[in-house]
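Visitor: Listed here are the chains, written in short residue letters.
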Amino acid sequence: MKTFEERHAAWLDGHLDETERAIFERELAGQLQLDPVAEHAELDRLKLALRGHLAQTRMPNPDFFNHRLLERIEADRHVTAPRAPAAAGWFHSIIVKLTLAGATALLLGVATYRGLISPQLEERPETAYLTQVLEAKSSTPEVTASSFNANAKEEQAAVLWLDGMSHVPESYAAADENLDPDAAP
Amino acid sequence: MQSGPPSGAESDDLDLVRRSQGGDTRAFDELVTKYRTRIYAMVYQMVRNEQDAWDLAQDGFFKAWKSLDKFRFQSSFYTWLYRIVTNVSIDWLRKRTLRPEGEFDDTIARTDIEPTADVTPKAGVSPQRQMERAELRDRLDAAIAKLSPEHRAVVLLKEVEGMQYHEIADAVGCSIGTVMSRLFYARKKLQTLLKDLHENV
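Keeping their order, the protein sequence lines are chains A and B. Heads up, the first sequence is in numbering that gives the first Met the number 0, so the first residue is 0 and it goes up one at a time. Heads up, the second sequence is in numbering that gives the first Met the number 0, so the first residue is 0 and it goes up one at a time.
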């Protein structure tokens with residue numbers, strides 16, 4: 000359904016069929032208390048006045064208009080033509096700058112690691128202890144232990160007896176004095 | 000009143016556009032010569048100042064030249080050109096520091112504006128009648144100046160260029176319904192502003 004404004008424009012410009020026109024004119028007369036004939040005639044006069052007044056404006060200096068426009072076009076061509084290599088040069092310089100920045104950042108990163116982080120890792124006291132743990136864990140376990148399990152329900156007690164487990168050798172982690180508080184100085 | 004170029008002229012236009020797209024400035028020059036008067040008249044009615052209209056028409060054609068590669072041959076060249084020029088004019092009107100409504104630049108040279116047959120003072124027309132027509136012209140100018148740029152553009156494209164609704168919609172970049180709605184409000188406003196003049200029109 001078209002709005003009132005759309006139907007009014009179509010009515011004035013003769014784009015409504017007979018039925019639509021009759022309905023719209025009844026609406027004008029009924030709801031808006033307008034005489035459709037007078038309204039149409041008044042707006043037709045307005046359209047005529049606008050056309051008569053606005054049409055046929057003469058352009059001053061028409062030939063100079065073309066001349067000036069072609070001058071602008073030619074000037075623009077001269078400006079934009081060298082612009083293409085300039086744009087390519089700009090793009091190229093950006094790429095070079097980005098590459099240099101990336102390489103510098105990489106070098107700085109490597110230097111920082113070598114100078115600061117790597118020595119600290121080597122000096123950590125946990126390193127020897129960790130090595131021993133790893134060796135112990137990775138060696139084949141010696142299973143000689145036996146276990147006994149007793150459960151007394153009425154006493155509410157459970158006993159787990161382990162026998163035959165090897166004791167921790169004295170040399171275990173002895174290399175690192177810092178880790179053994181009882182070690183002799 | 001002009002109602003757009005016929006199909007033959009349109010095909011000529013498209014040929015000129017193709018050549019212009021290839022960089023042929025002489026082909027574009029032909030298009031400019033063909034449409035400069037109508038474009039200028041349209042812009043002049045929008046901005047009501049000769050120099051501004053001339054400059055804006057230049058800007059419109061220059062922008063069209065720069066955008067020729069975007070023309071897809073889906074509409075007529077002149078509709079496409081009107082779209083550019085209308086947008087240039089509306090943008091200019093929006094950005095401009097507006098004078099109080101109803102006031103005009105006194106530098107507008109009325110002698111350069113060729114009146115139409117209906118209102119042209121013909122030989123033998125009495126001075127009183129000439130004055131009445133001048134008054135009518137002033138009143139119409141003042142009334143049109145009170146329309147918003149969008150309403151003004153739609154009325155001009157309809158009443159002066161004789162464009163169809165869909166062509167106006169294409170030119171100003173809105174729906175047909177919006178065009179019809181703007182036409183309604185613009186006409187009603189002009190009707191109200193010029194009510195006392197209708198008997199003299």
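Among the hints, erroneous ones may be present.
[What the hints assert, rightly or not] Computed cross-link-like contacts, PhoX-like style, restricted to lysine-lysine with a CA-CA straight-line distance of at most 25 Å:
{"#": "1", "chain 1": "B", "residue 1": "Lys94", "chain 2": "B", "residue 2": "Lys145"}
{"#": "2", "chain 1": "B", "residue 1": "Lys188", "chain 2": "A", "residue 2": "Lys46"}
{"#": "3", "chain 1": "B", "residue 1": "Lys145", "chain 2": "B", "residue 2": "Lys194"}
{"#": "4", "chain 1": "B", "residue 1": "Lys187", "chain 2": "A", "residue 2": "Lys1"}
{"#": "5", "chain 1": "A", "residue 1": "Lys1", "chain 2": "B", "residue 2": "Lys188"}
{"#": "6", "chain 1": "A", "residue 1": "Lys46", "chain 2": "B", "residue 2": "Lys194"}
{"#": "7", "chain 1": "A", "residue 1": "Lys46", "chain 2": "B", "residue 2": "Lys187"}
{"#": "8", "chain 1": "A", "residue 1": "Lys46", "chain 2": "B", "residue 2": "Lys94"}
[Stated by the list, open to error] Residues of chain A clear of chain B, computed beta-carbon distances all greater than 10 Å:
{"#": "9", "residue": "Ser92"}
{"#": "10", "residue": "Ala144"}
{"#": "11", "residue": "Asn150"}
The set of hints was computed from the structure by calculation and includes no laboratory data. Glycine included, each C-beta is placed from N, C-alpha and C at the ideal position.
Visitor: Decide, hint by hint, whether the structure agrees.
Guide: Hint check:
Our distance criterion of 25 Å between C-alpha atoms is met by Lys94 of chain B and Lys145 of chain B, whose separation comes to about 16 Å. Taking the CA atoms of Lys188 of chain B and Lys46 of chain A, the gap is about 13 Å. The hint holds against a cut of 25 Å. In summary, the hint linking Lys145 of chain B to Lys194 of chain B is supported, as the alpha carbons are separated by about 15 Å, within the 25 Å threshold. Our distance criterion of 25 Å between C-alpha atoms is met by Lys187 of chain B and Lys1 of chain A, whose separation comes to about 18 Å.
For the hint linking Lys1 of chain A to Lys188 of chain B, the alpha-carbon distance of about 21 Å falls within 25 Å, and the restraint holds. A hinted pair counts as satisfied when its Cα atoms are at most 25 Å apart, and Lys46 of chain A with Lys194 of chain B qualifies at roughly 13 Å. Straight-line distance between C-alpha atoms of Lys46 of chain A and Lys187 of chain B comes to about 11 Å, which keeps the hinted pair within the 25 Å bound. The hinted pair formed by Lys46 of chain A and Lys94 of chain B fails the criterion: a straight-line CA distance of about 29 Å is larger than 25 Å.
Even its closest Cβ contact with chain B, about 27 Å, leaves Ser92 of chain A beyond 10 Å, as expected for a residue assigned away from the interface. The claim that Ala144 of chain A is not at the interface with chain B holds, since no C-beta of that chain comes within 10 Å of its own (minimum 87 Å). With a minimum CB-CB distance of about 88 Å to chain B, Asn150 of chain A clears the 10 Å threshold, and the non-interface call stands.
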